[in-house]
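Using the sequences provided together with the hints, build the complete structure.
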Amino acid sequence: MAGETIVTVVGNLTADPELRTIPSGSVVANFTVASTPSTWDARAGQWVDGEPMFLRCSAWDGRTWTLATNIAQSLSKGQRVVVQGRLGQHSYQAQDGTNRTVTELRVTAIGPDLSNQIAVCEKTSGSNASAPASATPQPGYQGGFAGAARNRQQPQQPAGEESQEPWAAGATYGSGYGEEPEF
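Everything in the sequence shown is counted per full-length UniProt numbering, starting at 1 for the first residue and increasing by one.
Don't take every hint at face value.
[Said to hold, decoys possible] Between beta-carbon pairs, the in silico distance windows are:
#	residue 1	residue 2	range
1	42	82	27 to 33 Å
2	45	89	37 to 43 Å
3	65	101	25 to 31 Å
4	63	120	23 to 29 Å
5	18	51	32 to 38 Å
6	14	106	15 to 21 Å
7	89	2	29 to 35 Å
8	5	42	33 to 39 Å
9	38	99	32 to 38 Å
10	43	8	28 to 34 Å
11	102	25	19 to 25 Å
12	102	43	37 to 43 Å
13	122	87	26 to 32 Å
Calculated directly from the structure, the hints in this document are not laboratory data. Quick reminder that beta carbons are idealized off the backbone N, C-alpha and C, glycines included.
Here is the structure:
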């Protein structure tokens with residue numbers, strides 16, 4: 001829609017994403033991102049953290065995508081992420097009768113901040129797949145996004161069988177790989 005406020009936030013997850021199904025059957029993941037600005041203090045010779053901004057985020061599964069489910073299975077407390085979405089607000093009446101307004105980011109895309117961690121990504125199979133077949137979710141923070149992949153084994157070629165994939169074989173001398181090109 002025109003006129004929506006699109007923002008990108010870089011920060012850390014304050015807790016594991018909470019995945020739930022609402023009465024209508026829709027699936028939503030809720031989480032909070034803490035974004036803390038840092039400035040260089042030349043006199044002290046170090047970076048100084050400013051006041052953190054805590055931004056509530058929500059992501060939804062749809063008929064053809066599983067964003068909420070993928071977030072809940074892939075991310076955990078402490079991980080640094082880059083989140084993009086539409087900034088919005090909604091009002092409600094609290095239990096004590098007061099009217100309140102909440103600002104939240106309705107997530108359209110999220111991924112790891114690769115400035116100091118690595119990621120291993122797998123495409124989910126199908127529109128409503130709950131997890132990649134080869135990935136086993138690991139509970140808690142695993143030191144970056146490679147946690148689930150760290151325990152996976154690489155497929156092994158059975159002994160005595162030759163691979164049918166031409167790119168699976170290594171380069172041999174004279175094959176053109178690693179040699180100077182002819183001019």
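Hint check results:
1. Distance hint check for residue 42 and residue 82: the Cβ-Cβ separation is about 28 Å, which falls inside the suggested range of 27 to 33 Å.
2. At about 41 Å, the CB distance of residue 45 to residue 89 agrees with the hint of 37 to 43 Å.
3. Against the hinted window of 25 to 31 Å, the Cβ-Cβ separation of residue 65 and residue 101 comes to about 29 Å, which satisfies the hint.
4. In this structure, residue 63 and residue 120 meet the distance hint of 23 to 29 Å, their C-beta atoms being roughly 27 Å apart.
5. The hinted range of 32 to 38 Å is not satisfied by residue 18 and residue 51, whose Cβ atoms lie roughly 25 Å apart.
6. Between residue 14 and residue 106 the beta carbons are some 18 Å apart, a value that agrees with the proposed interval 15 to 21 Å.
7. At roughly 18 Å, the beta carbons of residue 89 and residue 2 sit outside the given window of 29 to 35 Å.
8. Taken as a hint, the range 33 to 39 Å holds for the pair residue 5 and residue 42, whose Cβ atoms sit roughly 34 Å apart.
9. At about 36 Å, the CB distance of residue 38 to residue 99 agrees with the hint of 32 to 38 Å.
10. A hinted range of 28 to 34 Å holds for the C-beta pair residue 43 and residue 8, which are about 31 Å apart.
11. Checked against the given bound of 19 to 25 Å, the beta carbons of residue 102 and residue 25, roughly 23 Å apart, stay inside it.
12. Against the hinted window of 37 to 43 Å, the Cβ-Cβ separation of residue 102 and residue 43 comes to about 40 Å, which satisfies the hint.
13. Roughly 30 Å separates the CB atoms of residue 122 and residue 87, a value that falls within the hinted 26 to 32 Å.
The structure shown violates the earlier hints numbered 5, 7.
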